[in-house]
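Undergrad: Here the protein sequences line up with chains A and B, keeping their order.
Here the first sequence stands for residues -12 to 777, where the numbers follow this note's numbering.
Here the second sequence stands for residues 6 to 374, where the numbers follow this note's numbering.
One or more hints might be untrue.
Claimed, not checked - With a cut-off of at most 20 Å between alpha-carbon atoms, the simulated DMTMM-like pairs for lysine to aspartate or glutamate come out as follows: (1) Lys153(B) x Asp565(A); (2) Lys714(A) x Asp724(A); (3) Lys283(B) x Glu295(B); (4) Lys59(B) x Asp98(B); (5) Lys774(A) x Glu733(A); (6) Lys339(B) x Glu301(B); (7) Lys194(B) x Asp748(A); (8) Lys774(A) x Glu668(A); (9) Lys339(B) x Glu250(B); (10) Lys283(B) x Glu18(A); (11) Lys(-11)(A) x Glu18(A); (12) Lys774(A) x Asp748(A); (13) Lys238(B) x Glu301(B); (14) Lys194(B) x Asp664(A); (15) Lys194(B) x Glu668(A); (16) Lys174(A) x Asp119(A); (17) Lys238(B) x Asp281(B); (18) Lys153(B) x Glu436(A); (19) Lys153(B) x Glu286(A); (20) Lys39(B) x Glu82(B); (21) Lys283(B) x Glu10(A); (22) Lys238(B) x Asp393(A); (23) Lys499(A) x Asp219(B); (24) Lys194(B) x Asp561(A); (25) Lys283(B) x Glu7(A); (26) Lys283(B) x Glu20(A).
For the record, the hints were derived by calculation from the structure and aren't laboratory data.
These numbers were taken from a predicted model, which means no experiment stands behind them.
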Amino acid sequence: MKFTLSWLREHLDTSASVAEVVEAMTMAGLEVEHVDDPGARLAAFSVARIVEAVQHPNADRLRVCQVDTVDGRKEIVCGAPNARAGLTTIYAPIGACIPANGVVLEARPVRGVVSNGMLCSAAELQTAEESDGILELDGGLAVGTPAAQALGVEAVIDFEVTPNRPDWLGVDGIARDLAAAGLGRLKTPAITPVAGGFPCPVQIRLDDSSACPAFAGRLIRGVRNGPSPDWLQRKLLSIGLRPISALVDITNLITFDRARPLHVYDAARLSGGWIEARLGREGERVEALDGKTYAAGPETCVIGDASGAIGLGGVMGGASTGCAETTTDVFIESAWFDPIRIAQTGRTLGIASDAQYRFARGVDPESLLPGLELATRLILDICGGEASEAVLAGQAPARPAPFTFDRNYVQALSGLSLDRTRIDAILADLGFGLDGDVVAPPSWRRDVEGKADLVEEVARIAGYGALPATPLPAIAPPPGGVLTPRQTRMRIARRALAAAGYAEAVTWSFMKRATAERFGGGAPELVLSNPIAADLDCMRPSVLPNLIEAAGRNARRGYPDAALFEIGPIYRGDQPGDQATVIAAVVSPHPARRWDGRDVDALFALKGDLEALLGEIGAPALQTVQGDSSPWWSPGRSARLQLGPKTVIAEFGEIHPAVLKALDVDGPVLGFELYLDLLPEPKRREVKTRPAFQPSPLMPLTRDFAFLLAGSVQAGDLVRPILAADKALITGARIFDVYQGAGVPEGFRSVAVEVQVQPQDRTLTDADIEALSARIVAAAEKATGAKLRG
Amino acid sequence: MTDIAELESNNLTRIDGAADLAALDEARVAILGKSGNVTLLARTLGSVSLEERKVLGPQINQMRDRLAARIEARKAELEAAELEAQLAASRVDLSLPAPPRRRGGVHPTMQVMDELVAVFADMGFGVAEGPDIETDFNNFTALNFPPKHPAREMHDTFFLPPDAHGERKVLRTHTSPVQVRVMNRTSEKLPSWIATGQEPPIRVIVPGRTFRQDSDQTHTPMFHQIEGLVIDKGIHMGHLKWTLETFIARFFETDRVTTRFRPHHFPFTEPSAEIDVKCDRSGGEVRIGEGEDWLEILGCGMVHPNVLRNCGLDPDVWQGFAFGCGVDRLGVLKYGMPDLRDMFAADVRWLAHYGFSAFAAPNPASGLS
């Protein structure tokens, strides 16, 4: 919504400057977005008069002028053909910045004559697109008059109207709030009804839908339409509206002055002597004033006459009945349309007119006749003619119901301590009716439905600056912190992976559907109806593709050695329970070459990182299961970590080369995805004491075992049964050698395990150790079929 | 009879002259070995008189002990010298690089999340979560957005396809639906991480992903918000103001931040406000704590009575406030990233530049970052 200070002053008696108005608006909840202030740009410029203009001694096209200025008489060199003695124009002093080109004036010789300033054209001051000489102003203007005043340019204030306040879409509504805020006295001119000279010859009909519950109108005959008077054109131009003709300009004026949209019809072009507001019919079309033809189906409110649909009610008039220079009889429409339907029509048809914007937000239902009368008065004044009686069909919605308002609630909800007089004064200034404890909202405040709304009115006008900052009541923080174990795990995981050399990324929750399908997703219920881009149309089933593609992008930029992780959601369906939190990481191993020639096995390094992570977040021991990985993993070089036979906690390994190819990423890429929500949560212990530390005084000893293991059995499966062979004595088991070749039968591997034994209360005898070794070998054999190598 | 003194002197010269451990060992054998000169000399004692033996015996023994000690000392010397020589030979060029190590980091948005949790935990706020895919009811209707109201249009909502009942799920446009989940008791079976109705008093923050169909330098289709909700008896706007002023001062870690409360409109709060911080935008980037511009950083207000009613709470008994704030934007303001879209591009150079050390976890002793 745009307006100027002078327009505001028609409604508000105030001496406030633009800056003061903007500040008051902002602090009353009218959020100013932009002030376009040509006055600020023109502050240095003022009216001057040329006393003498003579030919420049050294240049044919230049004149040397003696000019009376606000700074006294100045010698100024001017190239304009119209620079002549007696001309009143605009002077720019040395140091001024010319708005059109940003040049700052300096006193310097022009072909040998020093110019002590500059005389300006309208184009140079940006008050016209182009000009062919310096400004020629009214000779009655005093020298030194500020340019902005002489040229009648004004600051335009543009602010955001929140959807609850359609009354701010008229300057009168803005003025009312500013008056309440103490910026001046409200003086919106009263509207005096015009007596009709004859019955309205156009009958108004309404259907029984709620699309248009009320419609007022009247005919004015014998008007002369044409360009509107200067003051009206200037007013519309000042806020960026294009003048069209007097009749149309008057409706636009009232739209912005009173937030009351109107429409004018050329009565001669109406058919049948009646006009109606109704729902559209299947297949009905309207050619609107913008020259486009719109479908006006049964969801749309149309204006019709005997010829059919002639306008989109509340949205845009039709071309067939619009007013033109030739219009002599005009029918004025002042109606009330259902806001929701108008909003929908605007969306469906893609029309955002000034009328549609206002009706969609809700026009004052008591403004039908006043708006009609104001339009009548202006038309009679500007275009002449004779008005018929005004007719009102239907009934606009009632104003909001009055309710009891306990003034103490102001302090209870806002904390502001205000006496009743002040509270009531604010409400009265805003147009609320007060009757004892009962408050009646005005007709234009359909947003006010209860006492909290009134507290807002009082508080915002009293000023939020006065709100007393009050500490929250102290509460005992929960013992052990506010985070859940799961939230704590996410924080630990983040910092653990960052410490392990992975950079945390945050990537979109959506991805290309084809990619989602490749990673087990892409179900139709997860495809967005209105994606931001075609390749971001599906909720992600996995974080991996985003990280893999990111690694690819980084490689293409020359940074191929990416290690990225993300902790975030994946979506397996559209129910709340279908969202899961994963910890995903990818590595695209391109480490720097090493002078010592040594190398790191990237896959086992990744496994180590994953195990370290699981350790940090307190995961229980997990089983490594190979061969069942999801299809986006490379089958021989990936595995699952399982809790029991069914629960897959994580998958890790190399990404399948075919998947990388489809994502257009060079391999190898390794990664893991860990399903955080599936990890059993540790019990939160209230007592943090740990069991006593009881180190054995005895030295641990190690024994090595070499097993022959069938090639189909995972070497890692040896470890658990060995550890379980004697839980008291065996404190560690680790594979340290894997060998195939001479001495090992075909189809077998030799796997060597170092077992750590910690004697507890006595030194072990040879017999003890032998018995233990036998148990270890038996346990290994039972679990894996391994035979001790002879 | 050999001159003992001369023998000792010769032997000492030989010991001291041994250039390495092998020569020293040869000397030891030649002096103290079975046929060593001292051993041989001692053996001659058998053929001398008792009187002479009484004199010579101790002299020879003492000489032998001195020589043995001298050999040990020389041995230690030579060993030390040999070790030094070995060490000198095994010198490595330590200007060569250590094995390469990747440097990881924490994403600035997540760092800011952790900072916010730290600030609010200190004021007694717990952390609640809710799903990204929400019902229209939780995202809008329960929050007092009437169906088809223009206020919904301003949210640029992402929609999922209609289900069998014609209902369309939405990607939540704000974290506010979690307000509803926190207050509204439901029989719906939900995973434990999703907030469910709790009895007031309530004091939670809700960090999370939010989605709007918008993309430019300052808007991304996905972004992060943090919601705050306080429900209790007697909570008023003054508490809201204190809470947010305290939060802003602690978060920005400077007392130079000036704020102002300004009325605004949100369907789910009444009265509603926005908070601006004073900043300088003249240099193209936003600088907090200087200048004369105002920058909006969050929206807030007293929870609308209709929202309380929609969640089964009596607005004549319970009242409270809510606020919502863009986390990525807070990060931009505090740490100065120029373009919001870079946040989600996973460019390793950007992550290295704006990321945080793993060990920069916010804590009350060393500050937030």
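Undergrad: For Lys774(A) and Glu733(A), compute the direct alpha-carbon distance and say whether it is at most 20 Å.
TA: holds (15 Å)
Undergrad: So if I understand the rule, the pair passes when the alpha-carbon distance is 20 Å or less; does Lys174(A) with Asp119(A) pass?
TA: violated (42 Å)
Undergrad: Between Lys283(B) and Glu295(B), does the CA-CA distance stay at or below 20 Å?
TA: holds (7 Å)
Undergrad: Between Lys283(B) and Glu20(A), is the straight-line Cα distance small enough, at 20 Å or below?
TA: Roughly 16 Å separates the two Cα atoms, so the pair holds.
Undergrad: Holds or violated: are the alpha carbons of Lys339(B) and Glu301(B) at most 20 Å from each other?
TA: holds (14 Å)
Undergrad: Given the proposed pairing of Lys153(B) with Glu436(A), does the C-alpha separation stay at or below 20 Å?
TA: Holds - the C-alpha atoms of Glu436(A) and Lys153(B) are around 18 Å apart, at most 20 Å.
Undergrad: Between the alpha carbons of Lys238(B) and Glu301(B), is the straight-line distance 20 Å or under?
TA: violated (29 Å)
Undergrad: Is Lys499(A) close enough to Asp219(B), meaning Cα to Cα at most 20 Å?
TA: holds (18 Å)
Undergrad: Are Lys283(B) and Glu7(A) close enough, with their CA atoms no more than 20 Å apart?
TA: Roughly 18 Å separates the two Cα atoms, so the pair holds.
Undergrad: With a cut-off of 20 Å on the C-alpha distance, tell me whether Lys283(B) and Glu10(A) pass.
TA: holds (14 Å)
Undergrad: Does the alpha-carbon distance linking Lys194(B) and Asp664(A) stay inside the 20 Å limit?
TA: OK: Lys194(B) and Asp664(A) at ~16 Å, within 20 Å.
Undergrad: For the pair we were handed, Lys153(B) and Glu286(A), check the Cα-Cα distance against 20 Å.
TA: Cα-Cα ~14 Å, so holds.
Violated hints for the displayed structure, listed by number in ascending order: 1, 2, 4, 7, 8, 12, 13, 16, 17 and 20.
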